[in-house]
Structure formats: C-alpha cells, structure tokens
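Visitor: One point on numbering: in my numbering, the residue at position 142 of the sequence shown is 142, and numbering is uninterrupted.
Each hint should be verified, as a subset may be incorrect.
Calculated pairs, EDC-like style, for lysine to aspartate or glutamate (alpha carbon to alpha carbon, straight line, at most 16 Å) [what the hints assert, rightly or not]:
hint, residue 1, residue 2
1, Lys34, Asp54
2, Lys163, Asp147
3, Lys64, Glu94
4, Lys203, Glu181
5, Lys104, Asp85
6, Lys82, Glu46
7, Lys163, Glu70
8, Lys163, Glu143
9, Lys163, Glu148
10, Lys34, Glu185
11, Lys146, Asp197
12, Lys82, Glu66
13, Lys34, Asp85
14, Lys105, Asp147
15, Lys34, Asp56
16, Lys64, Glu46
17, Lys163, Glu119
18, Lys64, Asp85
19, Lys64, Glu103
20, Lys203, Glu213
21, Lys163, Asp123
Because the hints were derived from the structure by calculation, they are not lab data.
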Amino acid sequence: MAIQLKSTREAARTNGLKVLVYGGAGAGKTTLCKTMPGNPIIISAEGGLLSLRDVDLPVIEVSKIEDVHEAYNYLMNDADGKKFDWIALDSISEIAEVVLSYEKKNSKDARAAYGNLSEQMTDLLRAFRDLPGRNVYMSCKMERVKDEHTGAMLYSPSLPGAKLAQGIPYLFDEVLCLRAEKDPEGKLVRYLQTQPDFNYIAKDRSGALDAFELPNLADIAAKVLATPDQQQQASAQPDSIEPTRNPTQPSIHQE
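All chains, full assembly: derive it from the sequences and hints.
Guide: See below:
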C-alpha cells in the first residue's frame, strides 16, 4: 500500500466534529439537535422528542440493540444514509440502558452483564464516532460522582456501570456540559461549559472554544473546524457568554 501523507489540519477538518454533551434533565440536550447544520439525522432512544415538534428532522427510533446496529449500518453503508453529515445519538445513556437490559437477560452473573455492557458500548460509540467524514453529537445524562484521585464531588456524564461512565470522556475531543441558570431578570439562560472546574468535567481538545459558549452546534463546529485565518476573523467577533453567577456553583437541578 502506498503511503499517503495528510496534514493534521486537513485530517481534523475532514474527520468532522465529535462532541459529547451532558446535562441535567430539562437542560436542553435534545433541543440542541435543532442547531445541527447541514443534513442532520437523529437516532433516538428517549422517546421524548416533544422539544423538536417545531422542526422537521429525520429520526430513527431505537428500542433494542439490534436497532442501533441497523442504524449504524444504514449510515455507514446505505447510499441514502451516507447523505447525512450530522448524526445525533440522543441519548447514549438510554442506549446503554437498552444494552444493559439485553445483557442481563442473557447472563446470570450481574458483573458479567456490566462487563459486557462496557465492552459493547465502548465499541458501539467508537464506531459511531469514527464514521468517516461525519459530524457526530452524542447527548448524555448527568450525575455527581466522587473523583477517585482528589476525592472531590464532580458533575460528569452518567451511564450505567462505573467503568463505562469513567471511560466515556476519553473517547471524545469535545466534552461539554450544558448548564442552565437564571440571569438578574430571572430569565433562564443556557450555555455550554467547555473547560473543567472544581465541580464539572469538561474539555476542549481543539483549544478553539471559549470557557463558556452559546448552545449552538453549528457555531461550535465553525470554531473547532475553522482554518487559522477563519479563527482569527472570528476572534474579532466575540460570541461567547459569561455566566451570570459563579460558574463553579451547581446551577442545574437534576430530576
């Protein structure tokens, strides 16, 4: 096989954006699907798409693990499926519950079921993440857990099984927390936290995002995938937001 050299800048842009967004119930994770540009599709395991009633987006509803694999094969191999350039998995927490239910039915050992869950979900998420040339958005529930290194209590992505939950952030370049708080007038303001602090797990491997960004996937993608010239032009037009309170204080109530 002849070696084909590609620049890191080109590879990053052509591989697409792969982003995980987690947040509390009602924070707006499903609503964020509205902000996907281009030709998007949603793979939904939630059944709660009421927040998208005012838009007309194609949806694949999944209720069992075979449905998820079928959706992947459609997007990977079908000519019609390949037309979608933005793919949302809403949510991977619910998809993991589907996988866990399947594993529990097929295993008498609960520990083996959770081990199989971690392996299956990791492989599944990597497969969707690595869809060539696609932008992939995955949403996830939120929980507060104890950091095994510092002992601090941190808000982080929530998935069944400690091993799976701890490993998920390592699979993504962008791990963002969708937060909501009230401004001085009492109006609810939502924003994406891109950097970690003493309460929230987050990361922006691109280095292109401000610490707090408006919840818009099109804008996030434009920043992360921009050329250096485009980034310089965008820096002259600030579109990030500042929290209305101390950002290290929890502001989302999780039901």
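Visitor: Does the alpha-carbon distance linking Lys64 and Glu94 stay inside the 16 Å limit?
Guide: Judged against 16 Å, a Cα distance of about 10 Å means the pair holds.
Visitor: Would the hint linking Lys64 and Glu46 be met if the CA-CA limit is 16 Å?
Guide: Roughly 12 Å separates the two Cα atoms, so the pair holds.
Visitor: Is Lys104 close enough to Asp85, meaning Cα to Cα at most 16 Å?
Guide: 35 Å, violated
Visitor: Is the hinted pair Lys34 and Asp56 satisfied, with a Cα-Cα distance of at most 16 Å?
Guide: 9 Å, holds
Visitor: Are the Cα atoms of Lys203 and Glu181 separated by 16 Å or less?
Guide: Violated, at about 21 Å.
Visitor: Hint check: Lys64 vs Glu103, CA-CA at most 16 Å. Holds or violated?
Guide: Holds - the C-alpha atoms of Glu103 and Lys64 are around 11 Å apart, at most 16 Å.
Visitor: Has the given pair, Lys64 with Asp85, been kept, meaning a C-alpha gap of at most 16 Å?
Guide: Violated, at roughly 24 Å.
Visitor: Would the hint linking Lys82 and Glu66 be met if the CA-CA limit is 16 Å?
Guide: Distance ~20 Å between Lys82 and Glu66 Cα, so the pair is violated.
Visitor: Check the hint pairing Lys163 with Asp123 against an upper bound of 16 Å on the C-alpha distance.
Guide: 14 Å, holds
Visitor: Please verify whether Lys163 and Glu119 have alpha carbons no more than 16 Å apart.
Guide: Within the cut-off at roughly 10 Å; holds.
Visitor: Hint check: Lys146 vs Asp197, CA-CA at most 16 Å. Holds or violated?
Guide: Given pair Lys146, Asp197 holds - Cα atoms ~14 Å apart, limit 16 Å.
Visitor: Would you check the hint for Lys82 and Glu46, treating anything up to 16 Å between C-alpha atoms as holding?
Guide: 24 Å, violated
Of the numbered hints given earlier, the model fails hints 4, 5, 6, 7, 10, 12, 14 and 18; all others are met.
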